[in-house]
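Each protein sequence line maps, in turn, to chains D and P.
First residue of the first sequence? That's 1 in this note's numbering, and the numbers climb one at a time after it.
First residue of the second sequence? That's 1 in this note's numbering, and the numbers climb one at a time after it.
Interface residues of chain P toward chain D, partial, derived using beta-carbon atoms under 7 Å:
{"no.": "1", "residue": "151"}
{"no.": "2", "residue": "155"}
{"no.": "3", "residue": "183"}
When the alpha-carbon atoms are kept at most 27 Å apart in a straight line, the in silico BS3-like pairs for lysine-lysine are as follows:
{"no.": "4", "chain 1": "P", "residue 1": "210", "chain 2": "P", "residue 2": "46"}
{"no.": "5", "chain 1": "P", "residue 1": "94", "chain 2": "P", "residue 2": "166"}
{"no.": "6", "chain 1": "D", "residue 1": "175", "chain 2": "D", "residue 2": "227"}
{"no.": "7", "chain 1": "P", "residue 1": "161", "chain 2": "P", "residue 2": "124"}
{"no.": "8", "chain 1": "P", "residue 1": "159", "chain 2": "P", "residue 2": "210"}
{"no.": "9", "chain 1": "P", "residue 1": "124", "chain 2": "P", "residue 2": "94"}
{"no.": "10", "chain 1": "D", "residue 1": "180", "chain 2": "P", "residue 2": "213"}
{"no.": "11", "chain 1": "D", "residue 1": "227", "chain 2": "P", "residue 2": "159"}
{"no.": "12", "chain 1": "P", "residue 1": "124", "chain 2": "P", "residue 2": "77"}
{"no.": "13", "chain 1": "P", "residue 1": "46", "chain 2": "P", "residue 2": "74"}
{"no.": "14", "chain 1": "P", "residue 1": "77", "chain 2": "P", "residue 2": "123"}
{"no.": "15", "chain 1": "P", "residue 1": "166", "chain 2": "P", "residue 2": "210"}
{"no.": "16", "chain 1": "P", "residue 1": "166", "chain 2": "P", "residue 2": "213"}
{"no.": "17", "chain 1": "P", "residue 1": "210", "chain 2": "P", "residue 2": "161"}
{"no.": "18", "chain 1": "D", "residue 1": "175", "chain 2": "P", "residue 2": "213"}
{"no.": "19", "chain 1": "D", "residue 1": "175", "chain 2": "P", "residue 2": "161"}
{"no.": "20", "chain 1": "P", "residue 1": "124", "chain 2": "P", "residue 2": "159"}
{"no.": "21", "chain 1": "P", "residue 1": "159", "chain 2": "D", "residue 2": "180"}
{"no.": "22", "chain 1": "P", "residue 1": "159", "chain 2": "D", "residue 2": "175"}
{"no.": "23", "chain 1": "P", "residue 1": "77", "chain 2": "P", "residue 2": "46"}
{"no.": "24", "chain 1": "P", "residue 1": "161", "chain 2": "D", "residue 2": "227"}
{"no.": "25", "chain 1": "P", "residue 1": "77", "chain 2": "P", "residue 2": "108"}
{"no.": "26", "chain 1": "P", "residue 1": "210", "chain 2": "D", "residue 2": "175"}
{"no.": "27", "chain 1": "P", "residue 1": "166", "chain 2": "D", "residue 2": "227"}
{"no.": "28", "chain 1": "P", "residue 1": "166", "chain 2": "P", "residue 2": "124"}
{"no.": "29", "chain 1": "P", "residue 1": "94", "chain 2": "P", "residue 2": "74"}
{"no.": "30", "chain 1": "P", "residue 1": "74", "chain 2": "P", "residue 2": "108"}
Derived from the structure by calculation, the hints contain no laboratory data.
Virtual Cβ for every residue (Gly too), placed ideally from N, Cα, C.
Residue strings, one per chain:
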Amino acid sequence: MAAYMSAGRSENAFSTHDFVPEWAQEEVSTGTTIMAVEFDGGVVIGADSRTTTGAYIANRVTDKLTPIHDHIFCCRSGSAADTQAVADAVTYQLGFHSIELDEPPLVQTAANLFQQMCYRYREELMAGIIVAGWDKRRGGQVYTVPMGGMIVRQPVSVGGSGSSYIYGFMDSNYKPGMTKEECLHFCTQALALAMERDGSSGGVARLAAITEEGLERRVVLGHQLPKFSNT
Amino acid sequence: MEKRFMDSQIKGVSTGTTILAVTFNGGVIIGSDSRASIGGYYVSSKTINKLIQVHDRIFCCIAGSLADAQAVTKAAKFQISFHSIQMESPPLVKAAASVLKELCYNNKEELQAGFITAGWDRKKGPQVYTVALGGMLLSQPFTIGGSGSTYIYGYADAKYKPDMSKEECLQFATNALALAMGRDNVSGGVAHLVVITEEGVEHIVIPGDKLPKFHDE
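Chain P on its own, in the form it takes in the complex (with noise of 0.2 Å):
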């Protein structure tokens, strides 16, 4: 591998993951997978949850340095929390990913994480908001993070297609996943999915040996 895309840190931005989150018709699916590395030399942990409830309806999934994206998620899922309460209502996905976006912003010095933030609400059905690192929040129909991320740009790019079903759509993240997991020596494990719908919320986790092989394995 070239040397200069095999250093994540010389980027500093995105660490040990991959993470992606994709609006079907109906519902949102957000994944990841679950290594935890150090210094992409040491695995520090083969089964971790990257993707964190912050409410009923809502998930949010972390890059980069993990003690910074425990304690912002801690923080953002109090606050939503709070303002659910005093609304009397579910909050809107909008609503949370502000509360993540506003923390990353404010400390944007001492911070090194970036959120993507998915869910259902009443308002606009799926959503998906991508809060980058430097407090930045975007809306996309789909989107993937992440250090794993880059070596799927292209096939998300040509196979995602918006309105898919569920099946289409768990295929699309599924194999989206194995893809930067088979490239990328940070990220591995399981494959974590999410499924959330107005129903209600569906964790799949699909161990390693299950996940789709491709023509060189």
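If we strip away everything but chain D, and leave its shape as in the complex, we get (with noise of 0.2 Å):
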């Protein structure tokens, strides 16, 4: 569904072989479907678990929901050495400031520092992260940072290929003041139907909650996920 930059980038003496496939010439991405959603008392987030090149699944368990920080999380959408990287300079550069501050740093903090890098490189980088976790000051909290290195807080935010699926369904669907459990269910029907519909998502759902006491990890399982047949 989504397109992807052309197999000239990756330039090598063997180009002229033609015993690589062509499902190996083309770059890794994360077509996905990622979301998160705020609640009194901190965020779940979730993802798919499938990583393409080209029409070749190369992973069906990824984890798509990558730590930053105790409590910071971030979930990443595009090309997946591009978000691999950026998200570990993050996690080194707020590991940093953490020490120098001797204090748990700000989800505010981790979703700026993501965004300076989007925008400096917004021409290198194909990468829509969403940044979501709980820090004491403001509870639970999700940042957007499309591609282009925009940075929004929202209440609920999707991403990735998917979602274009279940915009619908998250705009008719997400109330404000939901509980944990609530969040979670809302979170699992919508990757559900997203995997559905989007070539790019599927295998399993993978969720976490992340609250003041820490964080709880989930996986609902390709049999387990909630069914929405019309046929």
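Starting from two chains that each stand alone, build the complex the way the hints lay out.
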């Protein structure tokens, strides 16, 4: 579904040989569905688990929910390489900052670090990131940093190629003031719907709830996902 | 919004529309927005009617190039009424959809329009047919189309139930159109809905300010 960079990006001396299949010449991407929801006391984040190189699924059990700090996670969409590199860089910067401060970092700080990097290198990068976490000052927060390097805080945010299909579902089903369990249920349904429709999203649904107490991770396997059949 | 899915010109397939058709217990509802745009930058019409009546109980709605769609529906309307006179009975919905399909398939190189045909006939009751861009014909209990439909696949999959009542179906169609118009910048205006049953045809227009509002509006 998503249009990706041309194969000419990775030129090498062996490009004249035909025995490299076409799918191995394509860039690895996380055509994806990611989302995050704030609730009173924390956030719930979720993602599918498919990484593709062209039509081949390079990893069907990917973990796109990456810890940046104890109570701060990011959801990655776009180029797998780009997002891993940016996330690693921000993890380092935030860890250093937190030690300097002698305090857990703010979610807003993490989000702004992502934003600065994504904006400065906007021409080179293909990364759409959702930063979500909990801190003592503002509780649960979700910040979205889409491609191009904008930053905006939203109570609920979806991203990745599969997100297009669930805007309507998100708009109609999200209500402010949901509990943690309601948020988890909402995310599971939304991810299941997107994974049904988007060819680049699939596998299992990975969820995590981040609160003051800490982190709770869940996996909903393919056969356990809610089914919405209309045949 | 991520760059990839901002440009419907890249896809070249559906431009500036949200259309849908849904069967319910005893009839079918066909609906669309009312915006016609040029390149996604200029709204050339705020109140265009994309629901075209091709026979007494058969409507179709168009996605894609408006020029192509108008030309095709004009030809189809003629062929269907001719067929109906020859057969001395109202045409089947499938026949009307087939006429559109023939036109789309035989002219697939030049045309850029897809159709949803919905209606009621005595043989099979309420039906919905999709004629996709290359001329594929498919019968479905409900279908959505146009650029705005991308955003409501999740909603439609989650909320559709077979054998709804007319009121439930109206609510479903209205909500779906409102959600799509809220997210797609080339869909908008008013919501046109037509309810087709054995008894007759009812046209409902819901102006923009009366559409359902969702949490962030």
